[in-house]
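Undergrad: Residue strings, one per chain:
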Amino acid sequence: MSTHTSGLAIETAGLVKTFGETRAVDGVDLAVPAGTVYGVLGPNGAGKTTTVKMLATLLRPDEGHARVFGHDVVHEADEVRGRVSLTGQYASVDEDLTGTENLVLLGRLLGHGKAAARERGDQLLAAFGLTEAAAKQVKHYSGGMRRRIDIAASILNTPDLLFLDEPTTGLDPRSRNQVWDIVRAVVAQGTTVLLTTQYLDEADQLASRIAVIDKGRVIAEGTKGELKASVGAGSVHLRLRDAEERPEAERVLRNLLVAEVQLEPDPVALTARLGTAAGDTAADQAAKALGELARAGITVDSFSLGQPSLDEVFLALTGHDTGQSTPPGSGTDAKDEVAA
Amino acid sequence: MSTATGTENKELSPVSTESLAALLVTRERPPRPSALSTSLTFGWRAILKIKHVPEQLFDVTAFPIMNLLMFTYLFGGALAGSPGEYIQFVLPGILVMSVVMITMYTGVSVNIDIEKGVFDRIRSLPIWRPSAMVGYLLGDALRYTIASVVMLCVGLLLGYRPDGGFVGVVAGIALLLLFSFAFSWIWTMFGLMLRTEKSVMSVSMMVIFPLTFLSNVFVDPKTMPGWLQAFVNNSPITHLASAVRGLMAGDWPGVEIAWTLGWAGLFLLVFGPVTMRLYNRK
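Heads up: the protein sequence lines correspond to chains A and B, in order.
Per my numbering, the first sequence starts with residue 1, numbered consecutively.
Per my numbering, the second sequence starts with residue 1, numbered consecutively.
Hints are computed from structural coordinates only; laboratory data are not their basis.
A quick note: this is a predicted structure, and the numbers were derived from the prediction, not measured.
Quick reminder that beta carbons are idealized off the backbone N, C-alpha and C, glycines included.
Please note that a few of the clues may not be correct.
[Unchecked claim] Covered stretches of chain B (in silico footprint by chain A; criterion: 3 or more residues with CB under 8 Å from a CB of chain A, positions within the stretch not fixed):
(1) 58 to 71
(2) 115 to 121
(3) 233 to 242
[Stated by the list, open to error] Capping the alpha-carbon separation at 27 Å, the derived lysine-lysine pairs in DSS-like fashion look like this:
(4) B:LYS198 x B:LYS49
(5) A:LYS215 x B:LYS198
(6) A:LYS114 x B:LYS198
(7) A:LYS114 x A:LYS139
[Unchecked claim] Restraint ranges, calculated between C-beta atoms of paired labels, are given here:
(8) A:GLU264 x B:GLU115: 24 to 34 Å
(9) A:ARG60 x B:THR196: 15 to 25 Å
(10) B:PRO31 x A:GLY35: 22 to 32 Å
(11) B:PRO31 x A:THR131: 45 to 55 Å
(12) B:ASN280 x A:SER208: 49 to 59 Å
(13) B:GLY262 x A:GLN123: 35 to 45 Å
(14) B:GLU18 x A:SER302: 52 to 62 Å
(15) B:PRO30 x A:ARG184: 23 to 33 Å
(16) A:GLY45 x B:PRO30: 55 to 65 Å
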């Protein structure tokens, strides 16, 4: 800790990794504050895993440097290894061994005695709802169970920094939510989490800051709010009682919000995209809009406020879409995609 | 595979975030384990794998027995008058050949393992770096011991009578295990260097067949052409086979033991660092 005063868990500058002709990581600069979930968002092949592997001391950077809690990942690799844990994209446990054996093995390698390793392993298996499967070989585990044992293995010693490389890829929505709960519990205890994901929704749900990465470069970085602000403050969806009042409602909203108004296929519904220029929050603008509509004598049956999806953010930043759809049941508003 | 579907379909118990939080509160870490401790832990991993997949013991049981029977009865009559005579000479040699041959499976298992995610986790642990590799070799030492004991038992049944008695036999096997441990670093190197399991296997065969057959395991090198004698007499396998043969016959072949240990040291010093370099760079 002696050299480390910046409060940053990770600092990288100009990180480059080349595989043959491909520059998998092409000058990545990151500053990850300690104690937060930091999302690294990008499509397949953007360089996320390669970046994580360099930070976890598994790959040597070709150029640039990276520090984890102030320790250089190349020259002080052992200090870094002592403070981080890695949950890779594919289950980072031994599939031939049972759940218990895996945890005892890693516990022993981390310096616990036999009894202590066994005890900690059993406690973790219980907390992760895996007690029944403890004596089964991991190769017989379902996808959700593998993720759990994998994360359990990563917190045998509570790490200061946990790398989660696409922790929910291939999971059903239910298992995904459970992984999210685990991540929240881990970060609530003070561990910094670096989460890579190709699911925009996942970064939105978990991360406080997000770096958007494409073709080995960081193309945007900021809080969720900042990134979303780059494509507007969000949108308000209205359902009117009477379809005949819709043209009037559209006119009122256009004048008030100076924003584009989209007529939905449903004849009583319309969506107004909220700007950021006025300095009002999305909720303020929506409240004003409702007031104006009431004065104009238009009855609003229901309304909802939608944040812009990170899909829109990605599109706005890269000019191409992610090439992947958000998983079903995602929290962001699907209607926004129409407007984008 | 029936268990797999059984587990998939069953509802998972919920994650208990409260007990998880309680577990995460502890931030204290045990002291860094010693190199010996982590190596032994990896050795334990290898033994667990044998426990879960006992079929892998086939190549340390059936294969050596087959070798012993085949060569004893194939060459025995022609080379020594009878298989009973020949086995006195050939058993230590076949023991050496079989164990040295099965060392090459180490490379294959290293190669299969590094393709899996668990390797990333192992490599990101703050432990003595070679311990994962040493662990493989410790697990393999157990396999070699099994192979040696199996062959000796079969040999005794076929009429092999070691003049060196129990002590001589144990000393011979100990030397063989020591050599195999050092020699195996060639395979860990290939396991890390080559891309596929198949290429590891074929390269290993290219090394192991000439090395074991071009030795004094089966016959006295005196009948070989001069250029071949030059190779055979200086081969590490010849030194090892002579040393083991001597020890089991109750002699003290000091020079051959010294040569064997020298070769073992050389293998370890050359291929150990190369392996670790590849391991760190992987």
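Undergrad: Does each hint fit the structure? Answer for all of them.
TA: Evaluated hints:
1. 58 to 71: violated (count 0)
2. 115 to 121: holds (count 5)
3. 233 to 242: That given contact is violated, which follows from only 0 residues of the region 233 to 242 of chain B lying within Cβ reach (below 8 Å) of chain A.
4. B:LYS198 x B:LYS49: 21 Å, holds
5. A:LYS215 x B:LYS198: Violated: LYS215 of chain A and LYS198 of chain B sit about 34 Å apart, past 27 Å.
6. A:LYS114 x B:LYS198: Roughly 38 Å between the alpha carbons, so the hint for LYS114 of chain A and LYS198 of chain B is violated.
7. A:LYS114 x A:LYS139: 24 Å, holds
8. A:GLU264 x B:GLU115: 24 to 34 Å: Since GLU264 of chain A and GLU115 of chain B have Cβ atoms about 50 Å apart, the given range 24 to 34 Å is violated.
9. A:ARG60 x B:THR196: 15 to 25 Å: Roughly 24 Å apart at Cβ, these two residues keep to the hinted range, so it holds.
10. B:PRO31 x A:GLY35: 22 to 32 Å: 26 Å, holds
11. B:PRO31 x A:THR131: 45 to 55 Å: Cβ of PRO31 of chain B to Cβ of THR131 of chain A: about 29 Å, so the range 45 to 55 Å is violated.
12. B:ASN280 x A:SER208: 49 to 59 Å: Given range 49 to 59 Å: violated, Cβ gap about 34 Å.
13. B:GLY262 x A:GLN123: 35 to 45 Å: For GLN123 of chain A against GLY262 of chain B, whose Cβ atoms are near 51 Å apart, the range 35 to 45 Å is violated.
14. B:GLU18 x A:SER302: 52 to 62 Å: Once the Cβ atoms are compared, 37 Å apart, the range 52 to 62 Å for SER302 of chain A and GLU18 of chain B is violated.
15. B:PRO30 x A:ARG184: 23 to 33 Å: With Cβ atoms ~27 Å apart, the hint holds.
16. A:GLY45 x B:PRO30: 55 to 65 Å: Violated - the Cβ-Cβ distance for GLY45 of chain A and PRO30 of chain B, about 39 Å, lies outside 55 to 65 Å.
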